[in-house]
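Participant: Model the full assembly from the supplied sequences, consistent with the hints where possible.
Which chain is which? The protein sequence lines are A and B, in order.
Residue numbers for the first sequence follow the numbering used here, beginning at 1 and rising by one.
Residue numbers for the second sequence follow the numbering used here, beginning at 1 and rising by one.
These are computed hints drawn from the structure, not numbers from a lab.
This one's a predicted model, so the numbers in the text were calculated from it and none came from an experiment.
Built from N, CA and C at the ideal position, the CB exists for glycine as well.
Honestly, I wouldn't trust all of these hints.
[To be verified] Derived Cβ-Cβ restraints for the label pairs, each shown as a range:
hint	chain 1	residue 1	chain 2	residue 2	range
1	B	Gly40	A	Gly15	27 to 33 Å
2	A	Ile17	B	Glu44	29 to 35 Å
3	B	Arg22	A	Ala16	38 to 44 Å
4	B	Ser73	A	Ala16	43 to 49 Å
5	B	Ala54	A	Gln19	19 to 25 Å
6	B	Gly28	A	Gly53	30 to 36 Å
7	B	Thr98	A	Gly53	18 to 24 Å
8	B	Glu44	A	His38	34 to 40 Å
9	B	Asn101	A	Glu56	18 to 24 Å
10	A	Arg59	B	Asn101	20 to 26 Å
11	A	Gln19	B	Glu14	23 to 29 Å
12	A	Arg59	B	Ser73	34 to 40 Å
[As the list claims (entries may be wrong)] Sample of chain A residues at the chain B side, in silico, Cβ under 7 Å:
hint	residue
13	Ala39
14	Ala42
15	Pro43
16	Phe45
17	Tyr96
18	Lys97
19	Phe100
20	Ala102
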Amino acid sequence: GQNIDQPTEMTATEGAIVQINCTYQTSGFNGLFWYQQHAGEAPTFLSYNVLDGLEEKGRFSSFLSRSKGYSYLLLKELQMKDSASYLCAGLRSNDYKLSFGAGTTVTVRA
Amino acid sequence: GAGVSQSPSNKVTEKGKDVELRCDPISGHTALYWYRQSLGQGLEFLIYFQGNSAPDKSGLPSDRFSAERTGGSVSTLTIQRTQQEDSAVYLCASRRGTPYNEQFFGPGTRLTVL
Chain A
1 GQNIDQPTEM
11 TATEGAIVQI
21 NCTYQTSGFN
31 GLFWYQQHAG
41 EAPTFLSYNV
51 LDGLEEKGRF
61 SSFLSRSKGY
71 SYLLLKELQM
81 KDSASYLCAG
91 LRSNDYKLSF
101 GAGTTVTVRA
Chain B
1 GAGVSQSPSN
11 KVTEKGKDVE
21 LRCDPISGHT
31 ALYWYRQSLG
41 QGLEFLIYFQ
51 GNSAPDKSGL
61 PSDRFSAERT
71 GGSVSTLTIQ
81 RTQQEDSAVY
91 LCASRRGTPY
101 NEQFFGPGTR
111 LTVL
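Facilitator: Below, the structure is given as structure tokens:
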């Protein structure tokens, strides 16, 4: 199969750092997307990694290791507004559709 | 509007009735996707339109589901003879250019089948 696995829930304190891991089958994907989805709202794009390594965008960074089938999203200096679900999605190389993980719900506490 | 819009935002229907869900993609986006999101589940692909090509219907769960895209723009997802297991949030997304570009999602239609 082409499972995308990520933890269901994470809790962290305002100002802290949280790392959301995502693992997938190494064969069959061309890259990894991360989306943020606040409750009741549309998913919004955060990052896309196609090459190995870390990409930084302000407080958010995303990492990819293609050989290990592993990605993570790093959220720094957490703010209350970062409480949301974070979706990992692999771009399938056979048909270029996205396979989504079930999402990780991050709760930021004061 | 600059984003993807969907209507209605909420739909409550009785089992056995037909429903139509509408998606207005971003102008100029050639690709349009429909997904279904159930509680605790990842987004489930339903159907994909790309330009004038035949749609990829491989994700439709049964023949009660169909979709069309008129004039390369607005799309309608139709569910016939709705069942309780069809209750979910139906999301539409559009994209420009290649599959490596991000998909822009609409706010979704929450469908409840009683």
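Participant: Are the hints correct? Go through all of them and say.
Facilitator: Each hint, compared with the structure:
no., hint, verdict
1, B:Gly40 / A:Gly15: 27 to 33 Å, "holds, 29 Å"
2, A:Ile17 / B:Glu44: 29 to 35 Å, "holds, 32 Å"
3, B:Arg22 / A:Ala16: 38 to 44 Å, "holds, 42 Å"
4, B:Ser73 / A:Ala16: 43 to 49 Å, "holds, 44 Å"
5, B:Ala54 / A:Gln19: 19 to 25 Å, "violated, 42 Å"
6, B:Gly28 / A:Gly53: 30 to 36 Å, "holds, 32 Å"
7, B:Thr98 / A:Gly53: 18 to 24 Å, "holds, 21 Å"
8, B:Glu44 / A:His38: 34 to 40 Å, "violated, 20 Å"
9, B:Asn101 / A:Glu56: 18 to 24 Å, "holds, 20 Å"
10, A:Arg59 / B:Asn101: 20 to 26 Å, "holds, 23 Å"
11, A:Gln19 / B:Glu14: 23 to 29 Å, "violated, 46 Å"
12, A:Arg59 / B:Ser73: 34 to 40 Å, "holds, 36 Å"
13, Ala39, "violated, 11 Å"
14, Ala42, "holds, 4 Å"
15, Pro43, "holds, 5 Å"
16, Phe45, "holds, 4 Å"
17, Tyr96, "holds, 4 Å"
18, Lys97, "holds, 6 Å"
19, Phe100, "holds, 4 Å"
20, Ala102, "holds, 5 Å"
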